[in-house]
Structure formats: C-alpha cells, structure tokens
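Each chain, written out:
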Amino acid sequence: MAPILLLMAGLFLPLYPLSALPNALIQGQARGGALPVGDWRRGPAVKAAMILVFPLIGLGLIALAMEQASEGDGWATLFAIWGGLTSVLYAFRLLSAKDGEIWISHLYSSALALVWIGVGSGVSPLLPAIGLSVSLIPLIFLLDHLTQRFGIARSGLYPGLCCRLPWLAHLFVLAVLSAIAVPFSPSFFALAALAFGGVAADTVVVLLPICLSWLLWTWAGVNLLSGIVWGVPREDLSYRDLEPRQALGLGGGLIALGLFGILLVEVAL
Amino acid sequence: MKRLAAAEIGTRWTLYDLIDQLHGERIGATLNEWLIKGCLDFLDEGQSAWRMPGRRQGLFQSWCQIARRNRRWRLRGLDLGPTLERVEQPEAAIDLVMTRLAIPERLWMDYFAVELSKLHGWAGFVRWRAQARDYYWQERNPADLVDFIAIRLILSLPLIEEAERRHRRDFLYPDWVRCMSERPHECLLRRELHSGAILPDYAHRVEVALDGGDTKGIETLCLDYEREKTAREAASRALRLRELCELAGIPRAELATQRSGALRQMIEAVHGLRAREGFLWMQALERTYIRHLLDRLAAPRETPAEALARTGTAAPGIAGSKVQALFCIDVRSERLRRQLEGLGHYETFGVAGFFGVPVNFIELGKGHESARCPAIVTPRNVVLEMPHEHAPHGPSLFHLATEVVHDLKCTALAPYITVEAVGLLFGFDMVGKTLAPTLYHRWRKRLDNGRPPTRLMIDKLSEEDARDLIASLHDELVVRALDRQLGIKREAVTTGMIQELREIALGRAAAPSQLARRFDLDSATETVFITRLRLEYRLTPDQARLQLEQLARIGFRIERQALLVRNTLTTIGLAEDFARTILVVGHGSRSQNNPYESALDCGACGGDKGLVNARLFAAMANRREVRERLAGQGIRIPEDTWFIPALHDTTTDEIQLHDLDQLPPGRLTQLTRIQEDLAAAGRLCARERCAALGETGIDSPEAAARRVKRNALDWTQVRPEWGLSGNASFIIGHRDLTRAVDLAGRAFLHSYDHRRDASGASLEAILSGPLIVAQWINLEHYFSVVDNAVFGSGSKVYHNVVGRFGVMTGNVSDLRTGLPAQTLRQGERPYHQPMRLITVIEAPLPFVQGVLSRVFKVRELVENGWIRLLVIDRAEGAAHLFEQGTWMAQPWTPRPENGRSAAVEPARRARKRQVPVETPS
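In the order they appear, the protein sequences are chains A and B.
So the first sequence is numbered by the numbering used here: it starts at 13 and just counts up by one.
So the second sequence is numbered by the numbering used here: it starts at 1461 and just counts up by one.
You may find that some hints are simply not true.
[To be verified] Result set (BS3-like, lysine-lysine): computed pairs, CA atoms no more than 30 Å apart in a straight line:
no., chain 1, residue 1, chain 2, residue 2
1, B, K2256, B, K1893
2, B, K1869, B, K1893
3, B, K1578, B, K1462
4, A, K110, B, K1689
5, A, K110, B, K1578
6, B, K1676, A, K110
For the record, the hints were derived by calculation from the structure and aren't laboratory data.
Can you make the complete structure from the sequences, with help from the hints?
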C-alpha cells in the first residue's frame, strides 16, 4: 500500500512522468487543449490555489504511506532519488521555456520534487514544501498582469519593460528572484533546510540535485528577465503600468513573503 | 506587411540570416564571435602575452592551422579539417563554399558585401591595414579582405550544415528561393515569430500552427494575422495623426469632415516630410546658428582691456610689451585666445596646429617614427629627439619595479602568483587613484624621475657628418662586441684597432688585424668574431648604406626651413609688425584610463600632442639663417623677436612654455608676466569649461582650475573634457572679425588676410588642408551623434581595449568606430548639435569664387551640400550664403563700435590697411 500511496503523492509532489498532470493543470490545459485566456480555470487564483494545495495533499499522502511502511523498506530513498532526477530534469527544461505558464509549471515541478529528498533523508518536509510553493505565488500574479496587457506572458516578445513599465518590471524582477530561491526568499530557506537537514543522510543524493537544480533555476531566471525586463522596447505596442494600488498590493505580498522567509528560518533551521 | 522576397537572398540576406530569422537560430552571432576571436588573435599588436603562432604566413593560412586543431568545434560536431584540407588559398576556399551553397555567381559580389557589413568595424580595420603603406604590423603579419571573407564563409558552411541536420531541411540557395515562392505565408509567420515582431497574443497560435505544418491552416492564420496587424498599425497611426493635428491646431471635427480635405492634406504632409524630416531639422539648426553668428560678428564689441582703456580706467598697452601668440585652429583654442586677449597686450593668430611643419618624429626612447601632420599630408623629413644632458644614474628603483610588475603581469603563468605577492600594491594604487587622484598623482610624480631635457635635431646632416656618425656608432658596437665576445675591455685596445676591425667587417680591409696580433688570436677566432660582428651586430655594408639613407631623411635644409616658416606666417597674415615675444602654442590633452585620448589631442598633428611641431617651428623661426632668407623675401623678423614654443593642455587649460633654456637672458624678465597671464587666462577658460561640463559648486576661477585638473587625473572620469564636441563653424579671416566675440568654443579660427593674398594661394592652401580636416572632424561628430550605436561607439563604460589598436564593447563585439556617447551626449540630450560645418570666409565674393573654382575637392563638398559656405565682405558690408546651388545675399551690416567707426582700425593695424586690395581674377 505504501508504494501506491507514494506514487499517488507523486502526482502532487511531482515525480516524472506523473508530473505531467499537475503541469498540464498549472499551464491551463484541459482535455480539448489550452483553455482560452480569461477562462476562470486559467486565472491566477486557481493556479495559486493549486500550487499551495497540491503539496499539502502530497505531504498528507506521504505521511499516510510512512505510517504504513516498515523500517528499512527503502522506498523513501528510492523516491528521493526519483525526486532529485525529476527536479534536475525540469530545471533543465526550464532553460528553454519561454512561455510564462510553462515556466512556472516547470519551476513548480522542479522545486517541489526536491521535497522528496527531504522525505528520503528524514527532514520534516512541511515547511520546505510551503516555502517552495509560496515563493511562486507573486510570479503567478505578475505573469497574469503581463497576459492581461499583451495577451500572453512570454519571454522575447516585448523586451525592455523596465523602460516602459517600471513598477511592473521592478516587482517582476523581485518575484522572479524570489521564485528562483535567491537568499532571503522563503524558497531559499526551504532549500537550505532540505540541504542542511539531509546532508548527514547522504551527501550526494541530497546536495547534488539541490545544487544542480538551483544553478539551473538561476540561469533560467536570468533568461526570463533578459527576455522581458531588459532590452529595447517595441514601438508598436502600447504599454500600461500597474496602478499604484496594484503595485502596493503586490509589493506588500512580496514583503510578507520576506517575513515568512524569516519565520521559516527561525522554525526550520 | 512586407513579405520576404527571393530577390533579397544574397543581396540583403545571407543564407544563415534566413535560418536565424525563420528558424530562431543564432548562427550569425556564433559566426561573429568565432571570427572576432580569430581576428583578435591574429591582429594583436603586442597586448597579448601569448601570441598566435605562424602569423607571418598571413591571416588565412595561420587561422587555418589553428582551426584544423580546434577540439571545441570537433566536440560540437563541426570538423573543419576536411574542408580546409581541400583548399590552400583563400580564393579557393571562397569558391568552394559559394559553390557548395549553390549561390549563383552573379550574386557573389553582393553576397560578399553583405558578409563584410556584418562586422564593418573589423572588416574596415583589415581593409585599412591592407592599404596602409609602411604599416609595421601589416608588413609583418599580412591580412586582407579576401582572407577575412574566406574565413567567414568557411566558418558559416558547417554551421549551416548543422542547422540542416537539426531541422531536417535543406538550406541551400535554391531551397530558399523555392521556399519563398511556394510557402510565402509560412516564411512570413516564421520571421514574425522569431524576429520578436509578432503580435504577442498571436505568438502561441503561430507557433502551434508552424509546428503542425498544415499548409492550409498556416495560410489562413497568416492572412488573419496580416489583417490584424495592419488594422492595429492603422489604429496606432491614426492616433498619432490626431495628436499631430491637435498640435497643429486643426480641430477634430474638421478632420472628420471630408469636405475640408484637412485630413488628406495632413496625411500627404506627413508622407512628404517623412523622407526629409531629419534634413529639415538640421537646416533649421544651421539657419539659427548662421543668424546668431552673423549677428555677433556684426555687433560692436571690445575686449575688457579695450573697454578699460577707452574709459580711461586703465592705461593703454605700453609699446613693445605686446605679445603675439600662434594657436591651433582647434575649437578649444577659441576660449583661450579670447580670454588671453581680454587680459590685454595679446594678439593671437590661428593656424593648423602642426604650424605648417609636416614631420616624422622619433621620440626619445622610442624606436619608431610617428607622423606629426594631418592625415592628408605625407611627411618627407624626420626629426630626432636627443637628450642634451646625460642622466647621472641609471633607471630609478621606481622604474625597475614598474617594469618588473609589468613583466610579471604579462607572462602566461606569473599572474597567479603575482596576485598573491604584489596584489596589495595594486590595491593601494586603486584606492589612491580613486579617492585622491590629485594627491596620488603628485606622489607618483615625485617617485618618477621624468624625462630628461631634450633638443630636436632639425638641421640636415652633411654627408661627412652622417658618415662620421655611422662610423662612431659602428665603433661603439665593436667595443661592445669585444667586451662580450672576447672579454677585452676598452682600455686594452686603441682607437686604431677598433677602426680596423670595423673596416674588416665592412669589407674595406683584410684580416689579420692588429688586435689579433696583439692578443694572439688565431685566424679561426678572429674570423668567428668578424662573422659575429656582421651577423649579430649587423655591421655590414648594406646596413651601413641603409643607415646612411635613413640619416639623409633627418632634419630640414635651411632653405626648406625658411620656406615652411614663410608659408605659415604669410598664410595667417603675419608678415610684419612682429612682437618681441611670439608664443607658438601647440595643444594636447591629459586624461587617465582613456582609450580615446588621441581623439582629444591635435588632429593636425596626426592625433598627437602639438608640442613637437611648435618646438620645431619656433626653433626654425629663431634661426638667424632662416631670418636672413625670409628678409630676402620681404618678411623682416626683428632680431629681438623670439619665438617660444608652448603646450596648451586642453583638459586643464594650463599652458606650459618650453625650451626656455634657449631663451636670450634679457628676455627672461618678461617671462614671469607672460606665465602669470597664461595662468589667469587658463583659469578663466576653466570656469567656462566647468559650466559646459555641468560641474556644480564652482564659485571662482581657482576652484574651476582645481576641478578640471582633478578631471584630468581621475581614472573614473569618462568625460575629462568635451574635446571638439560642439564644433559648428570654421572662420577664415582676420582676427578683427571675431575678436571679443564669445564663440563658446564652437569655432575653428584660421587667421587669414585676403589683402595679403593676391593670388589666392594662401586661401587655397587653407581650403584644401585645414578645412578638409575640420570637415572630417565635423562629420565624425555629426554621424556619431545622429546614430551613436551604429556610427559612433556607444557608451565607453563598456569598452575594452583590444590588441592595442581598437576598442570593443564587452569582451566580444565588432570593432567600434566613431566617437563614444560620453563625448557627444549630456544625459539623454545631445551636447553636440548635428550640423554641417558652417564655413565663413572673410573676403570679397568674386575672390572666393575664383579660389573655389581651383580647389576641386572643396568645391565638390560645397556644391554637394557637405559644407555650408558663407562669405563675408566687411568692406562692402555684405554676406553671401551658398544655398541650393546659388549665392544668396544675407542681411548683414556691421555696426560701428562705441565711439569709432567700424572701418577705423587701431593705429598699429593702419599699416596693414594700406596694402592694396586685390581684385579677384
């Protein structure tokens, strides 16, 4: 029963190829193809809810599985390796992703797959999972703002936002940095908790995928920023920056995230 | 929307351009990077510590040798070896690639032109090298554009083949022609998607459709896309047109009614203006400038000193105390001349900064010649700089340490340990240069011994002297060889023995020598020694002949010196009424960490400092023999007149007098006052300069002087001075025309008196020399400011010096040409106003027309609108502007000065006024 529960958990804490389902859902894919822009099922609130709830379901299933598994079964280590491989695979795919929805779903899969390493090495996975998922939320909302303005959130189509939409560009940079786990974001402390907590169990299995994935995330983050924030703006598009209220809301959310990161370090480390 | 046309393949786009545009590859960028790296290695002129091997074989051959062994390319699956094995010459390589790409031969030349334009900076440099005569590095490591294109094509071939494999398509010329004619919709959508010009909300749909490959679906989507994009563009243009109409005062209601025709008129006006809008703005700028210039030249004015003299507040100039000064025509001299004249007792003249002395100069301690004259002149004479006192000791400890650190930095492995060992020293250097540049520079200067005082060898050597000099040099070599090869010291041999050995080596005497007999050297040892003298010390008849030829180029004959001095003096109208002291002021700039430093130096001196030419001119003009010859030609320079060379530092506006040790003792008393005046004028200039640079917190000329000095020593300063930025006009005329007019450092001022130039020869010389150079400078600034990214070199903050010959942006880029943004722009706005050079000639119109008809190049520039020519005739009170092929009279009437008529000249000038006015031929 335990392996089946763990496999089910792999749908929510992505394990390749089970990760295809959460990826499709976060990308707004339905049976008949992509949902139209503006459909509520493709809205940022639904995506944010999925990103926050899926890991919790996955952790619940893991907890059930662990209760049933006897000592020395070895399933946890196997799933940790699988999670590590999944994470690196998605991080690598992230490098070529240009579409914002694909980007965020790949990053979700890569980040949350690392929680399996914590499971395998005896680290309490709850706070790392929350830290990793909550860091993606601001980016989801900012990508939605881009979709509202340009019809699509995609790198390379409307470069130079920093010149035309300074508020949005500033917050976008912060959101991307938070998502790729730069220091003082919750995801950074989540990674630190997984790495420091698990390193005693197995250095290679724990540190190699974490470090490799993190490296690839930062690379992909810079690619995303250079395709959207920097560059020469297009003259044929009309630009509309965030309203001050929206900017304040999003900025407040990012500050709250920072505070959560500090809380995480207090509790987890 | 414009679709891709097959006719543009090979004439506008290369094959890999199409792959990049239609399939999202980056072949062009990769190709550029690889070619730049190859060029960097090959063209290096001493910056690299580990040099490319085999460069003497030429660019293509040496590159091929390296390319055959490039493992990085092999790992990527790009093995150039087999291709390179099949070609030995670059022409064969070009033929091979063009044939394999199936490009029709009729398109080859166009294709090459497109290829060369991809890296126009590098291609331009290679072309310049190939055509430069006597360019050391080109002679040593030859390269030309055929090599350049061959390498580019050879590199492009495997990249195109790699893309063919990846996309499972053929990308040869016929395939592209077929693709564009059979699948135009797909081509259009692909280009839109990959060029980043696509409507964002269509991007996903287009990508899916292209991946699906359904031709019908692609066509439908393409038509829909074209419609939508056209509609959006139309909406955006309509909005802009409405805004424009509102600005023009046309009410929206009137636009809506068809009857008024306002909308149609507006659209036609916009379309009509589009092609010549830039030209229109430029003409507006020029007209405004011309109007203001004419106003200022017509207005009554006087220098502060004259004003004081007129009101009786100050005594008029004391006879004999006047100082004349010759300045370069450079726009930066205008401020200094104005300020100096404002102090009183100074009369200034403008002349091309090489003072009419074209020369190749060999600086002390340097082994090569540098041309000190405008690029359009080829100097025939060479001048050597010689120390006139021997250094009491060898190089200082500071120099030794500097050399050791430099050598350590430049070796392949030493930097790793150098950082550990002496890295801290660089830290001190950095802190000092950054936080207290003035103090730090003063301290460094104290450690440095500086250059010893020198003299210039300006006279020709007689053949006898030259032979003596070479014999002495050879004897010196023999003494050194005896010491090193045989351990025999100088005190053990006689002069006769040394001379005998020299003659044997030169083949003018036979062994055995006295030396061999005295030191019991066997014939074998003596033969080896003589052979070494010939091979290692180059003591051969051929070498001696070469040295004699080189010596023959050194110096000027007295007749030539007199001719050069006469030409310069007559051109500027200074043929009589010489002051006792005449300053000859060259100029140069001083800045730190600035690859563009030579752009701030004197253009008339080949982009170098003008001091050498000033020293040469002064030395020639001070010679008794020269003055005797000049007197014979009607130019009588009084015996007590002395020419003193000086250097104007255009960054700090400090003027340093030189060769004071040659000054007659009686003249030294006057020097203190001159030096004080120059310093005061410099401080006043510095205040003007600070205002132009936007410096704040400057409350006095002294503070301004301190600030500009700091700018010159600050290594973080990206704009030590504006240089020639802002140049707008070139005024050829008497100084009376411009005296006391504030031209804001924007005018080249060339002194000229048409009444002394009956034949027009002097004006002809000015037009065909200085004016051409000024026009180059003006156009360089013009193009650099109108499109700084393409014709200029962008921001200098990102520049890196490459190979000691140019700069790149970042670590790999095209070689940057033109001027950097910091030279031309102040923040977001251009500091330099893009205008054509407004050339003002003070002379009668028929006279100018006559001269112009003889100077083909300048006439071409004027008639084709590259120069705006304005002729002012003060005697007639008329001004004429050449515009659209005709001379148009401009409203201009010189107004009389307070208390005196414009025609009345100071008493001193009265003599010049009596020269009969020549009627133009």
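Structure-based check of each hint:
Between K2256/B and K1893/B, the direct Cα distance comes to roughly 19 Å. Compliance with the 30 Å bound is thereby established for this hinted pair. For the hint pairing K1869/B with K1893/B, the CA-to-CA distance comes to about 19 Å; that is within 30 Å, so the pair holds. Restraint check: the Cα-Cα separation between K1578/B and K1462/B comes to about 23 Å, which is no more than 30 Å; the hinted pair holds. With a C-alpha separation of about 22 Å, the suggested pair K110/A and K1689/B falls inside the 30 Å cut-off, and the hint holds.
At most 30 Å may separate the alpha-carbon atoms for a hinted pair to count; K110/A and K1578/B meet this at roughly 28 Å. Restraint check: the Cα-Cα separation between K1676/B and K110/A comes to about 27 Å, which is no more than 30 Å; the hinted pair holds.
Of the numbered hints listed earlier, not one is contradicted by the structure.
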